[in-house]
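As a plain string of letters, each chain reads:
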Amino acid sequence: MSKQRPSRRAFLGLAGAAAASSLHPAARAQTTGAIRDLGDTPSDYGRPSPFEDSRRWSRAPDATASSSNTPLADLEGIVTPSGLHFERHHTGVPAIDPDTHRLTIHGLVDRPFVFTMDDLVRMSSVSRFHFIECSGNSAREWSPAGAPNVQLSHGLASCSEWTGVLLADLLDEVGVRPEASWIVAEGADAGLMSRSVPLERALDDVMIAYGQNGEAVRPEQGYPLRLLVPGCEGSISVKWLRRIEVAHMPSMARDETSKYTDLLPDGKARQFTLVMDAKSVITRPSGEQKLDRPGFCEIRGLAWSGRGTISRVEVSTDGGESWTDAEIEGPRHAKAFTRFRSTWRWDGGRHVLMSRATDDTGYVQPTLAALLEARGRSTIYHNNRIKAWEVQESGEVTNAEA
Amino acid sequence: MPKRSWLSAFALLIVSGAAFAADSERTGLGSEPTAEELGAAGYTVFPDGKGLPAGSGTVSEGKAVYQQSCAACHGRNAEGDEAAALVGGRDSLTSERPRKTVESYWPYATTLWDYIRRSMPYESPGLLTDSEIYAVVAHLLHLGGVVGEDAVLDEETLSKVEMPNRDGFVPDDRPDTD
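As given, the protein sequences belong to chains G and W, one line each in that order.
Numbering of the first sequence is given in our numbering, commencing with residue 36 and proceeding in unit increments.
Numbering of the second sequence is given in our numbering, commencing with residue 10 and proceeding in unit increments.
A few of these clues could be false.
[What the hints assert, rightly or not] Stretches of chain G that chain W covers, calculated by requiring three or more beta carbons in the stretch to come under 8 Å of a beta carbon on chain W:
#: 1; region: 146-158
#: 2; region: 221-231
#: 3; region: 275-283
#: 4; region: 301-309
#: 5; region: 399-407
Treat the hints as calculated values from the structure; they're not laboratory data.
Beta carbons are placed, not taken as given, at the ideal position from N, Cα and C, and that holds for glycine.
Required output: the full structure, derived from the provided sequences and hints.
In structure tokens form, the structure reads like this:
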């Protein structure tokens with residue numbers, strides 16, 4: 036190794052000399068100054084730079100915690116790094132050996148079947164970008180007080196490239212009987228989490244996913260196998276999937292009756308409100324960030340809709356008095372995060388920043404007032420209100436209504 | 010070759026060809042479980058009672074189970090403590106502070122049985138026997154004024170219990186904003 040160093044340095048020195056004439060004097064000093072240390076050798080699994088500090092946030096990082104939020108303000112593009120994907124589980128993350136894991140499909144089928152992970156990986160596969168959003172995301176935003184930053188206000192949403200088998204293909208294998216109208220999915224967590232999915236949706240774009248962002252699905256996301264119901268509230272994408280029963284009715288599980296239902300002013304509750312409506316939020320500048328001086332500042336954020344693609348995002352810098360179309364970066368995947376950008380020059384004054392998404396069904400993201408008018412004050416889930424951040428004269432960014 | 014047998018041979022070819030086509034569309038991956046394997050894979054309980062296993066429990070048996078395994082978190086009389094209140098709250102659903110409990114909100118008694126079987130007690134799901142679950146459901150529904158003191162719940166009677174909020178749910182009618 037020590038013998039190789041001089042020749043390597045000589046080579047770099049030559050290359051540096053050839054390029055040096057066009058370099059800034061400081062850079063030139065750097066290439067001709069003190070002897071430099073070699074960097075790290077290759078590693079078996081790369082990690083973010085030690086200078087980066089992106090991390091999930093959890094309300095109670097102890098045994099009682101059951102969720103953590105994605106740091107949306109730290110992220111670019113549309114993919115959430117797997118290690119920063121939000122978590123929500125009801126009885127902890129199980130450790131499952133894929134060699135012994137099985138998926139059983141039975142019930143109203145011609146042939147009950149059991150699949151190993153090897154069986155599933157051998158089948159025709161699809162890879163698709165989809166967001167997952169907990170229907171309790173933005174629950175704090177029902178109150179004007181709201182959350183101080185976008186990780187807390189919108190961080191129960193993430194987006195990955197998921198790889199797996201279409202459930203429709205698996206249901207073809209087992210043969211669904213004509214009297215079937217629902218499927219019931221069950222996880223292998225301690226609490227055997229269970230949700231019912233209408234058969235019509237199950238035969239549409241629902242996936243059985245074993246891949247996430249190019250590698251195996253992370254344990255917190257259901258390793259080795261999860262149901263993925265695109266565009267729908269996250270809890271229906273049952274993780275650690277072990278069993279699917281094809282059925283004549285929903286099971287009316289606790290998490291589709293007692294929870295994840297929406298109580299209206301007349302005392303009736305909406306049930307199976309599965310689709311996540313169009314939503315957007317500005318991630319930069321956003322709460323608890325600070326602009327160090329006036330001048331150019333790109334406004335950027337994320338938009339998504341459980342009904343299809345995002346067709347338009349508008350941005351306001353005056354609290355909704357006027358709106359301009361943001362640039363939407365393609366490709367626009369259906370039921371996936373979509374990145375929007377809008378150029379802005381901060382004049383140093385007080386500004387309220389908002390974004391408003393429209394999807395390809397024509398649905399327009401509503402205000403908090405419109406949601407409260409339609410649903411009253413007792414709903415918990417499905418808050419897709421327009422979110423406002425306030426840039427103060429100091430450059431500090433706060434929740435506009437705090 | 011007589012015409013008739015030629016035709017039937019042709020028909021047989023079509024049938025076997027169709028069978029081959031159907032087979033080739035299936036991957037042949039996976040395996041058909043034995044009855045024993047299928048039984049061990051688990052089951053779902055439905056609101057019409059389908060899936061409920063044999064067993065039975067009374068209100069008084071359920072009180073003992075509840076005090077032993079549930080009261081520490083849900084309160085002595087299921088009024089709620091660290092964990093949710095399970096009774097009370099009737100007629101609160103239209104108020105400013107709705108109290109959504111098993112008694113006031115849950116539409117099916119089978120859901121309570123199913124959820125306890127899956128997920129309770131929180132620290133040790135799977136602890137209770139099927140009959141203990143019937144019993145503790147009977148106790149809770151009695152505390153909530155849904156069944157009488159002499160109720161016996163089993164795989165036949167549980168799905169016939171009429172929960173107070175049975176008709177409290179409506180389908181998704183969104184979008185609901187302009």
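Checked hints:
Counting residues of the region 146-158 of chain G whose CB lies closer than 8 Å to any CB of chain W gives 10, which reaches the minimum of 3, so the coverage claim holds. Under a criterion of three residues with beta carbons nearer than 8 Å to beta carbons of chain W, the stated coverage of the region 221-231 of chain G is upheld, 6 such residues being counted. Evaluation of the coverage hint for the region 275-283 of chain G: fulfilled, as 5 residues show C-beta separations to chain W shorter than 8 Å, against a requirement of three. For a cut-off of 8 Å, the count of residues in the region 301-309 of chain G with a CB near a CB of chain W stands at 9, and the three-residue condition holds.
Requiring three or more residues with a Cβ within less than 8 Å of a Cβ of chain W, the coverage given for the region 399-407 of chain G holds, as 4 such residues are present.
Of the hints listed earlier, there is not a single one the structure fails to meet.
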